[in-house]
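There are 2 protein chains.
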Amino acid sequence: MPDILDAARRALLGRPERSERLHAALLPKRVALPVFASDALSSVAYAPDEIFLTLALAGVTAVTISPWVGLAVVVVLLTVVASYRQNVRAYPSGGGDYEVVTTNLGPRAGVAAGAALLVDYVLTVAVSASAGAHYFGASIPWLHGRETWFAVGIIVVITLVNLRGIRESGRGFALATYAFMLGAGLVAVVGAVRHLTGTLGQAESAAFEIVPQAGLDQGLVGLAGGLLVLRAFASGCAALTGVEAISNGVPNFREPKARNAATTLGLLGAIGASLLASIILLAGATGVRYVEDPATQLRLDGAPPPADYRQVPVLGQLARTVFDGAPWLAVAVTVVTGLILVLAANTAFNGFPVLGSVLARDGYLPRQLHTRGDRLVFSNGILTLGAAAVGLVLAFDASVTRLIQLYIVGVFVSFTLSQLGMVRHWTRELRTEPVARERARMARARVVNAIGLGMTGTVLVVVLVTKFAHGAWITLLAMLAVGGVMVWVQRYYARVNRLLAIDDDPAESRALPSRVHAIVLVSRLHKPTLRAVAYARASRPSVLEAVTVGLDDDEVRELLERWEALDLPVPLKVLDSPYRELARPFVGYVRSIRRAGPRDVVVVYVPEYAVRRWWERLLHNQSTLRIKMQLAFVPGVIVAAVPYQRD
Amino acid sequence: MPDILDAARRALLGRPERSERLHAALLPKRVALPVFASDALSSVAYAPDEIFLTLALAGVTAVTISPWVGLAVVVVLLTVVASYRQNVRAYPSGGGDYEVVTTNLGPRAGVAAGAALLVDYVLTVAVSASAGAHYFGASIPWLHGRETWFAVGIIVVITLVNLRGIRESGRGFALATYAFMLGAGLVAVVGAVRHLTGTLGQAESAAFEIVPQAGLDQGLVGLAGGLLVLRAFASGCAALTGVEAISNGVPNFREPKARNAATTLGLLGAIGASLLASIILLAGATGVRYVEDPATQLRLDGAPPPADYRQVPVLGQLARTVFDGAPWLAVAVTVVTGLILVLAANTAFNGFPVLGSVLARDGYLPRQLHTRGDRLVFSNGILTLGAAAVGLVLAFDASVTRLIQLYIVGVFVSFTLSQLGMVRHWTRELRTEPVARERARMARARVVNAIGLGMTGTVLVVVLVTKFAHGAWITLLAMLAVGGVMVWVQRYYARVNRLLAIDDDPAESRALPSRVHAIVLVSRLHKPTLRAVAYARASRPSVLEAVTVGLDDDEVRELLERWEALDLPVPLKVLDSPYRELARPFVGYVRSIRRAGPRDVVVVYVPEYAVRRWWERLLHNQSTLRIKMQLAFVPGVIVAAVPYQRD
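These protein sequences, in sequence, are chains U and Z. Sequential numbering of the first sequence, starting at 366, is according to the numbering used here. Sequential numbering of the second sequence, starting at 366, is according to the numbering used here.
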């Protein structure tokens, strides 16, 4: 079996790489920017949509305040980027938020941050793949209505690409991210120029009226209106998602890691903020309409849009309007946007396994997550992430709007915890730092992080208030569940490690058993049995006997006769089995031998046919499997499998 | 883990029984009749429906020939019963059709018969449970529309009951079968008396007109009409299903097994034929209408039946008409009919595991099917049957009409093969029998079987012609697949057995390895490792060393230091792992030792933590699992698991 699996893995994942190549997999800035920034940058492809869509619930006039909401989001974005530049410098080891929080706020808060981050990574993949599928759907009619399965396909492909290793993915993805920056940048610049020269037209959807939701038909007035603005702001904060990805990925940067990461983060903040601002302003200028459900919310001369009307994402609508003379350019922008969204999911695939490995190292997750696979990556973590994201996409039918409600809360939980941790970090550092210049730098950094804390904390409260019923509760529940599992795994490992730790008195644990009682389990008389007998004899035990369980009188008689005929110097004992069981009488016999000589070791030699394919398992060794499982619970018994290989 | 599973099994299935109780599980005739006859008898609850439903495709007048179709079915039924009485007498060992065919027509035909029977058993369960669910649905409004899940539930319950053992089921089911005979008998007798006295009314459905199918609106004329009559006859032959059940169940009868079984079979034939005839005649007399799709095929004054119209099975309609003064009696008849159908599925649960065990004994099926479970039953076979039947019910949405198309063809394949085998049997016996009286008896038996052969062969052709496109092809495909697997399994076992057979020269296979090279696999230094070292030392190997795979330099250094500190008389060797793998370097090292000393045995001691629950597996022993799997393919290596039990 392993050979086939191995061949399949090689074909899918490529050849294994040596540890020494680990450093070669480190990323220069020009590759790191697209790899780690694609998440944060790509969110400008869906964050404006969420702002427009939420405000649209109160009608067309409400949408006009979108620039103010956008401005608030940009301020938060720049603040958070500034804060995270401090994080990256202070903690360059890649534990990211988890490390910051654990070190400064203690392991309990660390578990909370770890759980939030794990959940976030899954949501990043789900949201990005879903949004990407919808952007592609806007350009490729065949995809319309098949977005869910397309999103699932995207995740599967990214999972495979990442199992192949980080370098290839970094290289392959850089081009696409730069293409997106170019495309979105062109839309922004050309749009601005055309707007200023008065040649910018109206979006196709500008002709639609928007039907306000019941209770909001008076526009943004009263408590309901205020809450809606807050909700739009909270939704827009989806633009911040992905900023933390770099702080978890610092070890993947080239030296000087921290500085390179901070520079990349700054670049990313500047680019992201400009793109976000341009898109929102241009969308306002061109009268773009974007709603949750076009059929019920849009009206053209009082009638709903035609049945074949397909709502295009905001950036796509802008591209069509700005490049109305060159439709191929608009299609190109939509496609590269779809592409960068797809690749944004890849950011999580860089961060999740690293975090999983760190958590596994600290004992919060199963140990196998700590092991690097043979492609220099943490294969198990990658597989877990892919599977969870596919599950989410299927559960939420690839709806970006619904997934975003879940996404933001997790992001801001870790933002807030991380900033709180950083404030504590600087406070502690300041306590011991004697150099005045350093102290001043630290104090400045603390102010930045404190502002970040205030900002992210406020947003978290806003998000919780406005989003709780819309899905945030699911994220909180998931974080609670993940955190619970982490605590439980950690306690479990701690308990087992205590149990298995070597006592102070090593003599006890080194006491040798007095004798070895060897038993060969015989079910039939064939070559594997003879080999097991020969090997058992070679180990020269104090007592050696062959034991069979009598299920059928005729078979037992024949077996005994043939055993006699072979003239082996090993007696064959037949155990009675009144219930026609194999395992119970045999295990009972082994127990009785242990009772007779508690200081003896019993070695049970089990002849086994080495099956090569999984289905052969169904035809062989089924009864011995049960015996082996039960013998594991008899103290002082060694189960020695003697495989017989077919030539 | 085993303890929990065990407790659950005990709770569901009861305590294990001793082999000696096997004879106590044999059935007296009064219990055997209901257990084995329920299948054949219960088919009168759906066979008439299929006749009426098929004829109704050509309109109301076509239905009037139903008595003639019924008569033909009764003739075939009685012939087949007479033939099978010969089978039972000649082959009382319970191999049934499979044994008859294998002995007389050779193993290839035996495989065909075995495959047909296995498929039939599954279909018996599916058809009976589905029909039963519909009878219950006719009395219990809540079940309407939930028949599929109810049928699945029925199968699950029967599976559990049968895992508990045959005796309890036999006893519990006898009452219900007798109740059905009483109920259906009452309908027949009271109906006949009322008909003769002129007090029998018309069925509720008699008021409906039947819309003939396109092409059949001229009634039963031409080729189409002729084919429809043949199709109705083929469908009616569903009444014969289950007759063969007794011939497979002969070993479950009390002595004299063969005579008791033959008597039971005769009784069953007489009862079944009378019930079938009465139901068809009374349904004609009361003008019962029964169609495949009431909404499109029934018309009342030109309009389709009301939306809440629910078509009741023929026997149910009869009971309502015959007992029009006592509706509770009609409900009782419907319920006991549903009950006997449910219990009919049980017949297959008696026959299938026996046949599976016989086939496994002959090497056609995986060996574990040959083993009796600890409740005197063949648990694996029962589970397989239940799962397959549930699958069919779900796939065909519990539609009796669609399942019957699949059912009949399999039944008549085994009928025909079996009768052909019997004719050969008597011909061979006659060749050697000297006593004239015996010869005369055998010749008579041969005539009976030859008539049976002619009859079943003809029906098989009719079934194939009329049912092929309606689903018979699925059964043929399934039989082909099952037969293919059987042949393949048999060849596989034969090849492996040849490979593993002990050669003529026993000296070679008894050659002792010269030395034992013991290796303790060390991943961490804890109690399980020390125990493994101690046990390895106790076996006094020629060479003993501890080996660890170096994944992390710091960890290796710490491990070496602690190993030194313990002052064990065993050297610890560190293997380099450039690809951060555990398995490959270790297995490579073991191979190199084998190459250095090809006549040595290598024993690899693997310390293991004995996990008690399945989820603990996820947290332990994952890496050693892979090593063990790969070592199974290195010749001359024993893998000795040294479990460490938590107290």
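Hints listed in this document are in silico derivations from the structure and should not be mistaken for laboratory results. A few of these clues could be false.
[As the list claims (entries may be wrong)] Going by beta-carbon spacing under 10 angstroms, a handful of chain Z positions derived as facing chain U: (1) R732; (2) R804; (3) H835; (4) W838; (5) L841; (6) A901; (7) A975.
[Unchecked claim] Calculated pairs, DSS-like style, for lysine-lysine (alpha carbon to alpha carbon, straight line, at most 27 angstroms): (8) K993(Z) with K892(Z); (9) K892(Z) with K622(Z); (10) K993(Z) with K993(U); (11) K892(Z) with K892(U); (12) K394(Z) with K993(U).
[What the hints assert, rightly or not] These stretches of chain U come out as covered by chain Z in the derived footprint (C-beta under 8 angstroms, 3 or more residues): (13) 592 to 606; (14) 899 to 908.
None of these values were measured; they are calculated from a predicted model. We treat Cβ as the ideally placed atom computed from N, Cα and C, and that holds for glycine.
- Task: So, H835(Z) near chain U? Judge it on the closest CB pair being under 10 angstroms.
- Result: Not OK, violated: H835(Z) not within 10 angstroms of chain U, min 34 angstroms.
- Would you mind confirming whether the straight-line C-alpha gap from K993(Z) to K892(Z) stays at or under 27 angstroms? holds, 20 angstroms
- Message: Quick check on R732(Z) please, does its C-beta sit within 10 angstroms of some C-beta on chain U?
- Response: holds, 7 angstroms
- Does the nearest C-beta of chain U fall within a distance shorter than 10 angstroms of the C-beta of L841(Z)? The hint is violated - L841(Z) has no Cβ within 10 angstroms of chain U, the shortest such distance being about 25 angstroms.
- Outcome, coverage of the region 899 to 908 of chain U by chain Z - at least 3 residues whose beta-carbon is closer than 8 angstroms to one in that chain: Our answer is that it holds, as 7 residues pass the Cβ test (under 8 angstroms) against chain Z, meeting three.
- Going by Cβ atoms only, is A975(Z) closer than 10 angstroms to chain U? holds, 4 angstroms
- Task: Tell me if W838(Z) is really an interface residue toward chain U, meaning its C-beta lies closer than 10 angstroms to one of theirs.
- Result: violated, 27 angstroms
- Task: Please verify that hint: R804(Z), Cβ, nearest Cβ of chain U, below 10 angstroms or not.
- Result: violated, 34 angstroms
- Item | Coverage of the region 592 to 606 of chain U by chain Z, judged on three or more residues with CB within 8 angstroms | n = 0 at 8 angstroms, threshold three: violated.
- Straight-line alpha-carbon gap K993(Z) to K993(U), limit 27 angstroms: holds, 14 angstroms
- Message: Between the alpha carbons of K892(Z) and K892(U), is the straight-line distance 27 angstroms or under?
- Response: Judged against 27 angstroms, a Cα distance of about 36 angstroms means the pair is violated.
- Message: Checking one constraint from the list: CA of K892(Z) to CA of K622(Z), max 27 angstroms. Satisfied?
- Response: violated, 61 angstroms
Checked against the numbered hints above, the structure violates hints 2, 3, 4, 5, 9, 11, 12, 13; every other hint is satisfied.
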